[in-house]
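*Asks:* Letter by letter, the chains look like this.
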Amino acid sequence: MTPALRVGGVVLAVAIAAALPFFLTDYRTFQFTQALIYAIVLLGLNLLTGYSGQISLGHGAFYAVGAYTAAILMDQAGWPYWATLPVAGAVCFGFGFLFGLPALRLHGHYLAFATFALAVATPQILKYKGIEHWTGGVQGIVTLKPDAPFGLPLSQDRWLYLFTLAIAVALFVVAWNLVRGRVGRALVALRDHPIAAEAMGVDAAFFKTTVFGISAMYAGIAGALGGIAVQFVSPDAFTTLLSISFVVGIVVGGIATISGALWGALFIQFVPNVADQISKAAPWAIYGAVLLVFIYAMPGGVAWMLRRVAGSLRRA
Amino acid sequence: MEAFLHQLFAGIATGGIYASIALALVMIYQSTHHINFAQGELAMFSTYLAWTCVEAGLPWWAAFVLTVVASFVAGAVIERVVMRPVQHAPVLSVVIVFIALLVILNSLAGWIWTYTIKTFPSPFVMPRALENPWLSAHEAGSIGVTLAVLVALWAFFRFTRLGLAMRAAAQNPVSSRLAGIRVGQMLMLGWGLAAAIGAVAGMLIAPVVYLDPNMMAGVMLYAFAAALLGGIDNPVGAVLGGFIVGVVENLAGAYLVGTELKLTVALALIIGVLVFRPTGLLGRRTVVRV
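Chains A and B supply the protein sequences, listed in that same order. Per my numbering, residue 314 is the first one in the first sequence, and the count goes up by one each step. Per my numbering, residue 66 is the first one in the second sequence, and the count goes up by one each step.
Calculated from the structure, these hints are not laboratory results. Quick reminder that beta carbons are idealized off the backbone N, C-alpha and C, glycines included. Among the hints, a few may not be true.
[Stated by the list, open to error] Under the rule of at most 30 Å between Cα atoms (straight-line distance), these lysine-lysine pairs were calculated in the BS3-like manner:
#1 B:Lys183 - A:Lys442
#2 A:Lys442 - B:Lys327
#3 A:Lys593 - A:Lys458
#4 A:Lys593 - B:Lys183
#5 A:Lys593 - B:Lys327
#6 A:Lys458 - B:Lys183
#7 A:Lys440 - A:Lys593
#8 A:Lys458 - B:Lys327
[Stated by the list, open to error] Only part of the chain A face toward chain B is listed, based on derived beta-carbon distances under 8 Å:
#9 Ala425
#10 Ala427
#11 Ala598
Hey, can you work out the whole structure from these sequences and the hints?
*Replies:* Laid out in structure tokens, this is it:
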């Protein structure tokens with residue numbers, strides 16, 4: 314595929330995505346907004362786990378911090394919704410960077426378990442009495458859904474979808490450039506052969522903590538958008554299942570791919586919705602089964618599969 | 066003072082549970098260098114099996130024995146069928162398989178037995194002469210059973226040929242295979258034993274925390290903290306760590322932070338140990354050759 318063709322394809326895809334809400338009900342539009350939000354998280358998680366090889370099973374925690382930052386700023390300081398996003402991103406970058414420091418000394422399984430512990434403890438920390446004044450404790454915080462600006466004739470859900478789409482596209486471009494450039498190469502080198510990479514002059518500590526920060530920032534921005542879209546944040550929305558869903562998302566989409574974030578997000582947004590109608594336990598069971606199937610049979614995920622299909626079509 | 070003693074003994078009792086699960090983690094870690102995320106859920110599932118047996122009218126101890134045997138077989142089968150194919154896969158794949166096991170076991174339990182919290186009976190009755198305000202019958206029995214299991218395991222690994230073969234296979238699989246030890250079978254045996262120990266721990270903790278599919282989340286975090294504290298490659302350390310963590314958890318819960326931050330304490334413990342003393346109290350420092 315030539316670069317021009319590829320850019321054309323991406324522009325076409327974005328145009329279709331932007332036109333999508335005008336053919337859907339408000340509720341469906343909201344669901345697609347949520348899928349875009351998940352795509353942002355998965356993108357960040359894939360930078361960390363896929364490209365840098367640092368396993369995080371606790372991204373739900375950063376998502377929660379982003380959501381709470383946005384909700385608290387809107388609820389208590391009266392900020393407009395759009396102004397909370399940079400703050401949520403910055404706060405999560407800080408948290409991620411700090412978490413990245415001990416993570417430097419933890420490899421593989423240890424880091425996985427430490428972040429897993431973070432995911433398990435998150436709802437409890439959010440309920441903590443000492444910070445109830447800001448977080449609203451078990452009750453959580455209710456926010457208002459923003460209207461379209463400049464008197465545009467759009468419903469709230471459609472506006473929020475387009476707003477989210479714009480941010481998602483921007484963040485995809487950033488991630489794409491990051492991965493294809495010097496930073497991406499350094500990260501992959503550190504993942505695949507840390508000693509050789511360091512011998513080549515790659516600053517392992519700097520890159521690993523920074524990518525942890527960036528990854529958490531993606532989760533934070535997504536969390537803020539999620540909080541705004543759902544109009545409600547509460548501790549029990551950020552369970553271990555949320556963090557595990559993100560892992561499922563990157564496995565399904567494709568580890569260490571950019572486009573995979575989109576497929577993974579569509580999966581974790583729509584499959585549990587359908588499965589929920591069978592039984593309360595079904596989404597978990599399906600997640601587990603899907604993880605096994607992908608690890609054993611399709612370790613490259615959907616993105617890899619599509620690439621193969623495209624390759625064989627071209628040859629045919 | 067009475068309250069303090071009560072907290073102390075309660076801590077030792079739960080410490081025994083943490084020690085058992087930590088030991089199960091260490092057994093699997095030693096032979097494969099994998100940390101079994103699903104250990105807690107396996108124990109939870111076993112406990113549900115025991116509950117079903119008790120509900121069906123079996124005496125408690127019959128249910129106990131049946132569950133331990135069934136868990137042993139299930140553990141061995143999981144190793145052979147689910148874990149063996151990813152034995153040499155990258156860490157990420159292994160972690161994901163563990164997560165898959167965890168969610169599958171959790172949802173299966175929810176599916177079969179529903180998410181309603183159930184009570185689980187305790188088989189222990191305190192003789193009237195020994196009744197006291199600081200140690201309940203269940204705590205005393207729980208400590209007794211845990212110690213019995215630990216001693217039996219120690220004797221198994223120390224004095225039997227099979228135990229020696231398992232230790233050899235864990236320490237040096239290649240040489241062991243050359244010496245005629247079936248390493249694959251030893252791995253299955255290790256998983257089976259770990260699952261059986263977990264089942265015992267689950268049945269002992271269930272009367273305290275009640276039975277529900279998420280009952281082991283907290284226990285698992287503390288057990289992991291215990292294994293790390295003792296040194297993840299050291300069984301004695303894991304047991305010691307279990308008792309220390311159990312006592313610290315109970316005393317901190319009663320006098321320092323309250324019960325609502327129990328999981329956060331576990332998180333802080335895990336990160337603290339990993340950062341400040343990654344080898345644990347008794348662990349060996351490993352040196353990697355470049």
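*Asks:* Hint numbers the structure violates, sorted upward?
*Replies:* 6, 8
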